[in-house]
Structure formats: structure tokens, C-alpha cells
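Enquirer: Sequence:
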Amino acid sequence: MTLNEALNTNKMYSFAVFNQDEPIVGKVTKMDPNTKLITIQRYGEIFKAHFLDILKVNSYEG
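Per the numbering used here, numbering of the sequence shown is gapless, rising by one per residue and ending at 62.
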């Protein structure tokens, strides 16, 4: 699974992020090449992480 696929499918994914104890679950809403940030949103909460801090992306069923 790539970040581009996660952005284009509009599905929920689980993201293992560097220095985060728990995976972040949500939909990728934006990828900004200028700031190198990916925006993940779930239920109105927004989380931003650097592309290089995303260690793993998995499908999420829940």
C-alpha cells in the first residue's frame, strides 16, 4: 500500500508513525509536497505527519 493509493481510495487506513505509541487510523485527505506533510482525518480530528515518519500503512476494517 502506498500513500498515493491511500489518498485516491478514500478508505480508512491504519498508519504506523515514528514516535507514536498507537497507530493512527483515518483517511488521507491531503498530501503536500512543499511541506512534506500528509494529513490524516477521522471524525473531525486532524493529524499531520511527515511522509518519512510513516512507517507502515495497513487497511483498516472497523
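Treat each hint with caution, since some may be false.
Distance windows between CB atoms, simulated [what the hints assert, rightly or not]: (1) Glu61 / Thr35: 24 to 32 angstroms; (2) Met31 / Ser59: 13 to 21 angstroms; (3) Ile46 / Asn4: 17 to 25 angstroms; (4) Asn34 / Glu61: 16 to 24 angstroms; (5) Lys36 / Glu5: 27 to 35 angstroms; (6) Gly62 / Asn34: 29 to 37 angstroms; (7) Pro33 / Gly62: 25 to 33 angstroms; (8) Ser14 / Leu37: 17 to 25 angstroms; (9) Met31 / Tyr60: 26 to 34 angstroms; (10) Ser59 / Thr39: 24 to 32 angstroms; (11) Tyr43 / Asp21: 32 to 40 angstroms; (12) His50 / Lys27: 16 to 24 angstroms; (13) Glu5 / Phe47: 28 to 36 angstroms.
Straight-line C-alpha distance at most 27 angstroms; calculated BS3-like pairs for lysine-lysine [as the list claims (entries may be wrong)]: (14) Lys11 / Lys48; (15) Lys27 / Lys48; (16) Lys30 / Lys48; (17) Lys56 / Lys36; (18) Lys27 / Lys11; (19) Lys36 / Lys11; (20) Lys36 / Lys48; (21) Lys11 / Lys30; (22) Lys11 / Lys56; (23) Lys27 / Lys56; (24) Lys30 / Lys56.
Derived by calculation from the structure, the hints in this document are not laboratory data. Small disclaimer: the values here were computed from a predicted structure and weren't measured. C-beta: ideal position from N, C-alpha, C; glycine also.
Enquirer: Each of the hints needs a verdict: does it hold here or not?
Expert: Structure-based check of all given hints:
1. Glu61 / Thr35: 24 to 32 angstroms: For Thr35 against Glu61, whose Cβ atoms are near 31 angstroms apart, the range 24 to 32 angstroms holds.
2. Met31 / Ser59: 13 to 21 angstroms: holds (18 angstroms)
3. Ile46 / Asn4: 17 to 25 angstroms: holds (20 angstroms)
4. Asn34 / Glu61: 16 to 24 angstroms: violated (33 angstroms)
5. Lys36 / Glu5: 27 to 35 angstroms: Roughly 18 angstroms apart at Cβ, these two residues miss the hinted range, so it is violated.
6. Gly62 / Asn34: 29 to 37 angstroms: holds (32 angstroms)
7. Pro33 / Gly62: 25 to 33 angstroms: With Cβ atoms ~30 angstroms apart, the hint holds.
8. Ser14 / Leu37: 17 to 25 angstroms: Because 19 angstroms falls inside the window, the suggested range holds.
9. Met31 / Tyr60: 26 to 34 angstroms: violated (18 angstroms)
10. Ser59 / Thr39: 24 to 32 angstroms: The hint (24 to 32 angstroms, Cβ to Cβ) is violated, given that Ser59 and Thr39 are roughly 19 angstroms apart.
11. Tyr43 / Asp21: 32 to 40 angstroms: Violated, since Tyr43 and Asp21 (Cβ atoms, about 20 angstroms apart) do not stay within the stated range.
12. His50 / Lys27: 16 to 24 angstroms: holds (18 angstroms)
13. Glu5 / Phe47: 28 to 36 angstroms: Distance hint for Glu5, Phe47 is violated at roughly 19 angstroms.
14. Lys11 / Lys48: Roughly 17 angstroms separates the two Cα atoms, so the pair holds.
15. Lys27 / Lys48: holds (12 angstroms)
16. Lys30 / Lys48: Holds - the C-alpha atoms of Lys48 and Lys30 are around 9 angstroms apart, at most 27 angstroms.
17. Lys56 / Lys36: holds (17 angstroms)
18. Lys27 / Lys11: holds (6 angstroms)
19. Lys36 / Lys11: Status holds; Cα separation ~21 angstroms.
20. Lys36 / Lys48: The hint holds at about 10 angstroms.
21. Lys11 / Lys30: holds (13 angstroms)
22. Lys11 / Lys56: holds (16 angstroms)
23. Lys27 / Lys56: holds (14 angstroms)
24. Lys30 / Lys56: Between Lys30 and Lys56 the Cα gap is close to 17 angstroms, so the pair holds against 27 angstroms.
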